[in-house]
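*Asks:* Assemble the dimeric complex from its two separately framed chains, guided by the hints.
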Amino acid sequence: MSDRIFGATGLALAIFYAWAALQVQESFLSDVVGPKAFPLIVAAILGLASLVILIFPDPEPRWPGIMQLAEIAGAVVVMILYAQLLPELGFVFATALASFYLSWRLGTPVLQAALAGVVIAVAIYVIFHLVLGLSLARGPFGF
Amino acid sequence: MDTLSNLADGFAIAITWQNLGLAVLGCFLGTIFGALPGLGPSNGVAILIPLAFSLGLGPVASLILLTSVYYGAMYGGRISSILLNIPGDEPAMMTCLDGYPMAQQGKAGEALSLSGIASFVGAFIATWGLIILAPQLVRFALLFGPAEYFALFVLAFATLGGVSSTNQAKSAFAAMLGLGLACIGVDTQTGVPRLTFGEVHLYDGIDFLVAIVGLFALSEVFIFLEHRHGKADAEGKKMVIGRLTPPLSVLARCTPTMLRTSVIGFVAGVLPGAGASLGSFLSYSMEKQIVDREGKTFGKGDPRGVAAPEAGNNAAAGGALVPMLSLGVPGSGTTAVLLAVLLSLNITPGPLLFNNNPDVVWGLIAALFIANIVLLAMNIPMVGLFTRVLLIPPRFLMPAVAMISFVGIYGISGSTFDLMLMIGFGVMGWVLRKLDVPLVPIILGTLLGNVMENNLRRAITISNGDWLTLVGSPLAIGLWVVAVVGFLLPIVIGRTVRARMRRDTEGSTVD
Chain A
521 MSDRIFGATG
531 LALAIFYAWA
541 ALQVQESFLS
551 DVVGPKAFPL
561 IVAAILGLAS
571 LVILIFPDPE
581 PRWPGIMQLA
591 EIAGAVVVMI
601 LYAQLLPELG
611 FVFATALASF
621 YLSWRLGTPV
631 LQAALAGVVI
641 AVAIYVIFHL
651 VLGLSLARGP
661 FGF
Chain B
4 MDTLSNLADG
14 FAIAITWQNL
24 GLAVLGCFLG
34 TIFGALPGLG
44 PSNGVAILIP
54 LAFSLGLGPV
64 ASLILLTSVY
74 YGAMYGGRIS
84 SILLNIPGDE
94 PAMMTCLDGY
104 PMAQQGKAGE
114 ALSLSGIASF
124 VGAFIATWGL
134 IILAPQLVRF
144 ALLFGPAEYF
154 ALFVLAFATL
164 GGVSSTNQAK
174 SAFAAMLGLG
184 LACIGVDTQT
194 GVPRLTFGEV
204 HLYDGIDFLV
214 AIVGLFALSE
224 VFIFLEHRHG
234 KADAEGKKMV
244 IGRLTPPLSV
254 LARCTPTMLR
264 TSVIGFVAGV
274 LPGAGASLGS
284 FLSYSMEKQI
294 VDREGKTFGK
304 GDPRGVAAPE
314 AGNNAAAGGA
324 LVPMLSLGVP
334 GSGTTAVLLA
344 VLLSLNITPG
354 PLLFNNNPDV
364 VWGLIAALFI
374 ANIVLLAMNI
384 PMVGLFTRVL
394 LIPPRFLMPA
404 VAMISFVGIY
414 GISGSTFDLM
424 LMIGFGVMGW
434 VLRKLDVPLV
444 PIILGTLLGN
454 VMENNLRRAI
464 TISNGDWLTL
474 VGSPLAIGLW
484 VVAVVGFLLP
494 IVIGRTVRAR
504 MRRDTEGSTV
514 D
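Sequence lines, in order, name chains A and B.
Note that the working numbering has the first sequence beginning at 521, numbered continuously upward.
Note that the working numbering has the second sequence beginning at 4, numbered continuously upward.
It is possible that some hints are incorrect.
To be verified - Over the 12 Å line for every Cβ pair with chain A, so calculated as not near, a few chain B residues:
#1 346
#2 421
#3 469
As the list claims (entries may be wrong) - Some residues of chain B that are not near chain A, with every Cβ distance over 10 Å (derived):
#4 57
#5 107
#6 140
#7 299
#8 359
#9 362
#10 383
#11 485
#12 495
Claimed, not checked - Some chain A residues near chain B, calculated using beta-carbon distances under 7 Å:
#13 579
#14 627
#15 648
Everything labelled a hint here was simulated from the structure, so no lab data went into it.
For clarity, every value in this text was computed on a predicted model and none was experimentally measured.
Heads up, the beta-carbon is just placed ideally off N, CA and C, and yes, glycines get one too.
Chain B on its own, in the form it takes in the complex (with noise of 0.2 Å):
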């Protein structure tokens, strides 16, 4: 009942006309943003960060602008998946398996807006899931110490990478980098300038607004220019969309498809290191071993195969906003995104947060809500135009990009400095991708590299200089050996489960 009209409140705070209109704004945002080949979620959110710091949105505004970005994006990553057989974001490569066949067989228009109810379905349940399991999470995250915390973060940082991580010692180098860069500027406890080599403009940290937008977006301009003939070009011309609605029949025997793998996204969302990517892909194939024992429709244009992974990775994006909410601990890319925008508002997320900010809190699961009823609203009959947005070659859209990513972060600092450390950032990220390091871990590096000091040094101080309390309480051990567990089972089972992703995706494109 507490949490009814607690979400009542939020209500109440996020309809006012200028946070609905920025709703839609980011609705349609992230919708091309996640559409266009190259630019996913993380990016989307990443260009917009800056922007929506410096024009000087409050903390609720900007929330819901970038929360719709968000799911905006998981939303469009399906439409390229299925006109282009390209998928918009990582996420949405399994949509490619029925979306695309669906589509050759001119039922483009059918697969478009099913995929769309699917998304909304999934979206919609986890963001229940969200306000039944955060309080409960908060809960039990009350009885962390620093010890406890330390524990944590290090538990995200091993588990980042994923069950599906191909190289472990990338990871961990990943996020020392990240944490290395974390340590630049004055120290916070002391006040003794670290690893500045005496350059003023280093004294107050490196923001890690400029990492993000240079690692994400920029080195992303340069992939282009290094694939300029890129394939993305306008392909889609001559696809028959055909009718917008699924038949009735079609949706009823999809709806038990959608509830079961919205349940599957949502805990993969939730828990440590799955995220949505793998979210969609435990949704598809379990459909699969369900519906279609003996592979005969999946992968040929069943319907299903389409509701199946759209749902699921909907439910996972929202699944993985309740530890970053609950814990302050990000479980996948664009969520350690989001944290950067709680950050840069000055609101630090956690169990405090629900005691100290409900208005913040509440205001985004309604702003969820909203994004998630104008998204639905919008794909179905405009979903058309989006198609055409896709039509906008990249070498009119990465030039926009590269401006747009330069004056977000020119109008937070307007200093030059902080323009040629986001090139720095740029070319590292590229350097970075080609020797497949993964970005994320540095950006989560840099925003809880400060916080993850802090309790470091605090559990110290409390246990008066004995190092052991990192691993006095039960709690703290279990934190550990979670940890510990999640680094080394990539090592071990992660190359067969990566071979089966890799053997679904492959065996469909090929016929």
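So that you can see chain A by itself, here it is in the shape it has in the complex (with noise of 0.2 Å):
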């Protein structure tokens, strides 16, 4: 089933990005082939391919449960969040909280993931800011 499914996604996908490569403006300075044509055959094989998976579908791979699918979700949303609030906290901040989170969910106790959190957003801070002089994001008080 989750082959059949994914093969009608892959369809849609194939239609639509057909359709999007269609709406190319064409310049009036082209070559032969044009804008359109790569696309266009990016387009077809993908829907041939996607045609072929939805007929001959494999066997169903094993899915998760509702939980640990949740818990993929959640770290979906902290990453996000993550990259969202990294310019306003700043970067020691945000990923000490991030990889607090991860840490935790990780099966790591509540403590010692705040502790591995600090440790990890610091040791990066050090390596990469102060010793390699990478930049990293600056939050309200510089770092």
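*Replies:* Put into structure tokens, the structure is as follows:
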């Protein structure tokens, strides 16, 4: 069933991609092939491959249970928040929070995870910013 | 003679204190990446590219760092195979067969040092193979016009899944997804924006580094979250390492094995679609046929069964660099990632590289030799240190990996948009891995999409719009034939090869 849904999604993607490629404005100074041909070839093969997947599906993969899905969704939300808050909080704070969360969810006890978060954030800051001179996000406190 | 003087120049470029330091650092990090289950050579190199790039290292220095990581990871994969019976990366799978039984007999140290020496022999011979073969291939590649190049790219995609590919439709899907992503952005030839939907951030295309780090590193983090009470948690504690040097008699017995399997591995690495996993598999099964016909010792801790796959997979790693450097077409996942390194340094691999940037080519080759020697020196006495690294539980390691990925991407562009895109790729990578869709063709597609399209359009323009020019020369026709055969072959014989690989692995992990 998963592969049938996947194939159907792929087919929809291919059709959408072909439609989007047809929307490309051609410049009056174009080469013989033009900017549309290659994306259209790609869309055609994409559609064909999706069709084969749809018709001849593989055995069902092992999907995780609802709890594990929630776990992954939670991690995604934290990462998105991290990306958004990085410029606001500064690198060290945001990173400590995010790695605390990930370490906690991977099974570390809360206090230990908090410590791990701080250690990871400070270690990356020291190695990559102070030693190697990479520019990291500055927050209101300058680190 | 010419080659030797070029090589000497390469050493002159590579031997500076900074470069030697980078080689040592790269080998060390690479061995760790290889040893940790779940983080293979592709992940290791992928995480470090953005860093090397944003640290502002020069081309030669970055290449030395990253190829050391590549070779280091190929060495490191064996450590967890031998100690934990969990391959650190895919090519190290065959090393479990005899390595783990040896460790159980209290000869872990012997297995580790012997496989270290085998890795060295394999990689050393393959590097010489690279020196000899790559310039010949370059001479051949100079005959290629745009139409032949287009066919060559098709060949690379068609054979990427390899003979052990499970589902060619899914490989094709992945390749097209990558090529489709590469089309996003302003068209290089006419200057019109394509598929950007008015989003300004997309005008200069999707940075392939964002795709690589998202697909490889972040999706790995999601996989760990899914199986969070993982089995890889520190099992190696009780293992007795034993003496760290193999007896000379064992070494002598293994020498012919190492030499034979290095050649096999190198050939498997050069051929498109084979790669290191198949290299180590072929080496192991061939060696079993030659020295142990009745199946008495192989699979029960025969030192030759440890030496064979390790020499084979390290030789394949060196062999895979041949098509990548001389044609600009990588034959495996990790070399695809190394191609990304070259492209992000503004170096285009291919026949012209040997003429235009000889310093890069020969500096790189010298770096391979240096990395090899450093790795040998590092792996024999310091192997105890690496076994201790295996004890770091993933619950501390994976958050650090995720954060370093973010740091690398943020360091390049400083844009939140790229970070969001990377998270998107991470989720996509996780779903696709669940569905058994290979990720490497996606990477290769985003890397090569623009070059491939340009060659297509150039070929058609030269022939005034005649599409038949794509099959207009014997060389092009030959490439198309190989591509079609390479694509169809796994469907016909893939099942038997896979079944044999599975049977061989399972048969000996049971007892």
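*Asks:* A separate judgement is required for each hint: does it hold in the structure or not?
*Replies:* Now the hints, each set against the structure:
1. 346: Consistent with the label, residue 346 of chain B stays out of reach of chain A, its closest Cβ about 19 Å off (over 12 Å).
2. 421: 9 Å, violated
3. 469: 9 Å, violated
4. 57: 6 Å, violated
5. 107: Fine: 28 Å to the nearest Cβ keeps residue 107 of chain B off the interface.
6. 140: 27 Å, holds
7. 299: Residue 299 of chain B clear of chain A: closest Cβ-Cβ about 37 Å, beyond 10 Å.
8. 359: Check passes; 26 Å lies beyond 10 Å.
9. 362: 24 Å, holds
10. 383: Per Cβ check, residue 383 of chain B is outside 10 Å of chain A; nearest 28 Å; holds.
11. 485: With a cut-off of 10 Å, residue 485 of chain B remains clear of chain A, as the shortest Cβ separation is near 18 Å.
12. 495: 15 Å, holds
13. 579: 9 Å, violated
14. 627: At 5 Å from the nearest chain B Cβ, residue 627 of chain A passes the 7 Å test, so the hint holds.
15. 648: 6 Å, holds
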